[in-house]
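Participant: Sequence:
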Amino acid sequence: MKNALIIACILFVAACRADSGDGLVNDGAPVSEASCTAAGGTMLHAKIGQICSMPTSDAGQACSSNSQCEGLCMADGQCSPLESNFGCHEVLENGKRATICID
14 MKNALIIACI LFVAACRADS GDGLVNDGAP VSEASCTAAG GTMLHAKIGQ
64 ICSMPTSDAG QACSSNSQCE GLCMADGQCS PLESNFGCHE VLENGKRATI
114 CID
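Under my numbering, residue 116 is the last one in the sequence shown; the count climbs by one each step, no gaps.
It cannot be assumed that every hint is accurate.
Computed Cβ-Cβ distance ranges for the label pairs, DEER-style [said to hold, decoys possible]: (1) 73 - 48: 23 to 29 Å; (2) 46 - 77: 31 to 37 Å; (3) 80 - 114: 16 to 22 Å; (4) 113 - 50: 22 to 28 Å; (5) 73 - 101: 18 to 24 Å; (6) 45 - 90: 34 to 40 Å; (7) 53 - 100: 17 to 23 Å; (8) 109 - 70: 24 to 30 Å; (9) 70 - 50: 15 to 21 Å; (10) 73 - 100: 16 to 22 Å; (11) 106 - 72: 15 to 21 Å; (12) 52 - 101: 23 to 29 Å; (13) 101 - 80: 30 to 36 Å; (14) 51 - 89: 29 to 35 Å.
The hints are simulated quantities; they were obtained by calculation from the structure and are not laboratory data.
Think of the CB as a built atom: it goes at the ideal place given N, C-alpha and C, for glycine as much as any other residue.
Could you put the whole structure together from the sequences, leaning on the hints where they help?
Facilitator: Now the structure itself:
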């Protein structure tokens with residue numbers, strides 16, 4: 014019974030991210046490298062596979078906390094250029110430097 018519930022949950026999540034046939038998933042994020050690049054994004058490699066990371070509109074703006082940015086508030090006090098930032102990064106959170114790692 015437990016396995017059936019797990020499988021049902023996986024299928025439900027997969028259905029929510031179904032490809033619409035135009036190279037975009039339902040939330041509008043590109044799924045292929047070609048559609049990602051065409052939309053202005055950058056393909057990143059993560060543990061979950063490839064993901065298209067779109068540029069942020071606040072890239073380079075001054076910040077002191079991640080909540081002030083679409084992506085991350087980097088340790089240099091500027092918002093990150095991409096919305097997804099895999100790997101380990103030095104960031105500012107409430108004005109204090111911290112290291113975060115995103116898989």
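Participant: Does each hint hold? Answer for all of them.
Facilitator: Hints, verified against the model:
Here the CB-CB span from residue 73 to residue 48 is close to 26 Å, well matched to the stated 23 to 29 Å. Between residue 46 and residue 77 the CB atoms are about 35 Å apart, so this pair conforms to the stated range of 31 to 37 Å. Taking 16 to 22 Å as the suggested C-beta distance range, the pair residue 80 and residue 114 conforms, at roughly 19 Å. Taking the beta carbon of each, residue 113 and residue 50 are about 27 Å apart, inside 22 to 28 Å as hinted.
Checking the proposed 18 to 24 Å range against residue 73 and residue 101 shows it holds: the Cβ atoms sit about 21 Å from each other. For residue 45 and residue 90, the hinted distance range of 34 to 40 Å is satisfied, since their beta carbons lie about 35 Å from each other. The hint said 17 to 23 Å for the Cβ distance between residue 53 and residue 100, and at roughly 21 Å that hint holds. Between residue 109 and residue 70 the beta carbons are some 25 Å apart, a value that agrees with the proposed interval 24 to 30 Å.
At about 19 Å, the CB distance of residue 70 to residue 50 agrees with the hint of 15 to 21 Å. Range check, residue 73 to residue 100: Cβ separation about 20 Å, and the 16 to 22 Å hint holds. Range check, residue 106 to residue 72: Cβ separation about 18 Å, and the 15 to 21 Å hint holds. A beta carbon spacing of about 27 Å between residue 52 and residue 101 agrees with the range 23 to 29 Å that was offered as a hint.
For residue 101 paired with residue 80, a C-beta distance near 20 Å fails the hint of 30 to 36 Å. Roughly 30 Å separates the CB atoms of residue 51 and residue 89, a value that falls within the hinted 29 to 35 Å.
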